[in-house]
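Asker: Sequence:
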Amino acid sequence: MRHLHTSVHPDIGHLDDYSIFQRNATRAIVLIGNEILLLFTERYHDYTLPGGGLDTGEDVIHGLVRELEEETGAQNIKNIVPFGIYEEFRPWHKPEADLVHMISYCYVCSADKVLGNTRFEEHEVNNGMRPVWINIHDAIAHNEQTISSSVKKGMSIERETFLLRMIVKELL
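Using numbering that gives the first Met the number 0, you'd call the opening residue of the sequence shown number 0 and step up by one each time.
Please note that the accuracy of each hint is not assured.
Unchecked claim - Taking lysine to any residue pairs in the SDA-like style, the calculated list, with each CA pair at most 25 Å apart, reads:
no., residue 1, residue 2
1, Lys112, Ile60
2, Lys168, Ser147
3, Lys77, Val131
4, Lys112, Ser147
5, Lys112, Leu170
6, Lys77, Arg118
7, Lys168, Val150
8, Lys93, Asn125
9, Lys93, Phe20
10, Lys93, Tyr43
11, Lys77, Met165
12, Lys112, Leu30
13, Lys77, Gly62
14, Lys112, Pro81
15, Lys77, Gly32
16, Lys112, Asn134
17, Lys77, Leu53
18, Lys112, Glu69
19, Lys93, Glu57
20, Lys168, Arg118
21, Lys112, His92
22, Lys168, Gly32
Hints in this document: simulated from the structure, not taken from any laboratory.
Model the full structure from these sequences, guided by the hints.
Answerer: Here it is as structure tokens:
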């Protein structure tokens, strides 16, 4: 799969100075025309691609489908095609490492427009996460506004907005 981008958090110096935990994740790109299936998170006031961490030993495609079903209630997921890898190095606030090296495997796929029930984790519910179909240009504009003005923005919004721009450039 092609490499899309590597992002290093601005507070990180030379990577040799840190212990690093690797986390593999998936991101789903589901488009119908200019509408894209995203997650809106109230806590961070942003739009993100559905997806998340892979379980130990889990196949990437299986993890993609599992995460997409859990977070959006997507049904009839098919036509899964690689889009690219986005990697990032950022601070990790758990005892096993100083940094996390997150590798996000991004795939384009199709799913029914009508969504079923979600199965959010407790922290996702607490953060006010919900699936939405939204015009991709509106989602990008919203995230750009959040990046420029919000003190509560999450660290992943730069990744998500980068990916949304690439999707517009390459898939629309």
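Asker: Determine for every hint whether it applies to the structure shown.
Answerer: Now for the hints, and whether the structure bears them out:
Restraint check for Lys112 and Ile60: the C-alpha separation of about 20 Å stays at or below 25 Å, so the hint holds. At most 25 Å may separate the alpha-carbon atoms for a hinted pair to count; Lys168 and Ser147 meet this at roughly 22 Å. Between the alpha carbons of Lys77 and Val131 the distance comes to roughly 19 Å, so the proposed pair stays at or under 25 Å and holds. Restraint check for Lys112 and Ser147: not satisfied, since their Cα atoms lie roughly 31 Å apart, outside the 25 Å limit.
Among the hinted pairs, Lys112 with Leu170 is consistent with the structure: their alpha-carbon atoms are about 18 Å apart, no more than 25 Å. For the hint linking Lys77 to Arg118, the alpha-carbon distance of about 20 Å falls within 25 Å, and the restraint holds. Restraint check: the Cα-Cα separation between Lys168 and Val150 comes to about 29 Å, which exceeds 25 Å; the hinted pair is violated. Between Lys93 and Asn125, the direct Cα distance comes to roughly 20 Å. Compliance with the 25 Å bound is thereby established for this hinted pair.
Between Lys93 and Phe20 the CA atoms are separated by roughly 10 Å; this keeps the pair inside 25 Å, and the hint holds. Restraint check: the Cα-Cα separation between Lys93 and Tyr43 comes to about 21 Å, which is no more than 25 Å; the hinted pair holds. In summary, the hint linking Lys77 to Met165 is supported, as the alpha carbons are separated by about 21 Å, within the 25 Å threshold. For the proposed pair Lys112 and Leu30, the alpha carbon gap of about 9 Å is at most 25 Å, so the pair holds.
Distance restraint check for Lys77 and Gly62: the Cα-Cα separation of roughly 14 Å lies within the 25 Å cut-off, and the hinted pair is therefore satisfied. Using a Cα cut-off of 25 Å, the hinted pair Lys112 and Pro81 holds, with the two alpha carbons roughly 21 Å apart. A threshold of 25 Å between alpha carbons decides the hint, and for Lys77 with Gly32 the separation of about 17 Å falls inside it, so the pair holds. Note on Lys112 and Asn134: the hinted pairing holds, with a Cα-Cα distance of about 13 Å set against a maximum of 25 Å.
Among the hinted pairs, Lys77 with Leu53 is consistent with the structure: their alpha-carbon atoms are about 19 Å apart, no more than 25 Å. Proximity of Lys112 to Glu69 is assessed by CA-CA distance (about 15 Å); at most 25 Å being required, the pair is judged to hold. The hinted pair formed by Lys93 and Glu57 meets the criterion: a straight-line CA distance of about 22 Å does not exceed 25 Å. With a C-alpha separation of about 32 Å, the suggested pair Lys168 and Arg118 falls outside the 25 Å cut-off, and the hint is violated.
With a C-alpha separation of about 37 Å, the suggested pairing of Lys112 with His92 is violated against the 25 Å cut-off. Distance hint between Lys168 and Gly32 is fulfilled; the C-alpha atoms sit about 14 Å from each other, no more than 25 Å.
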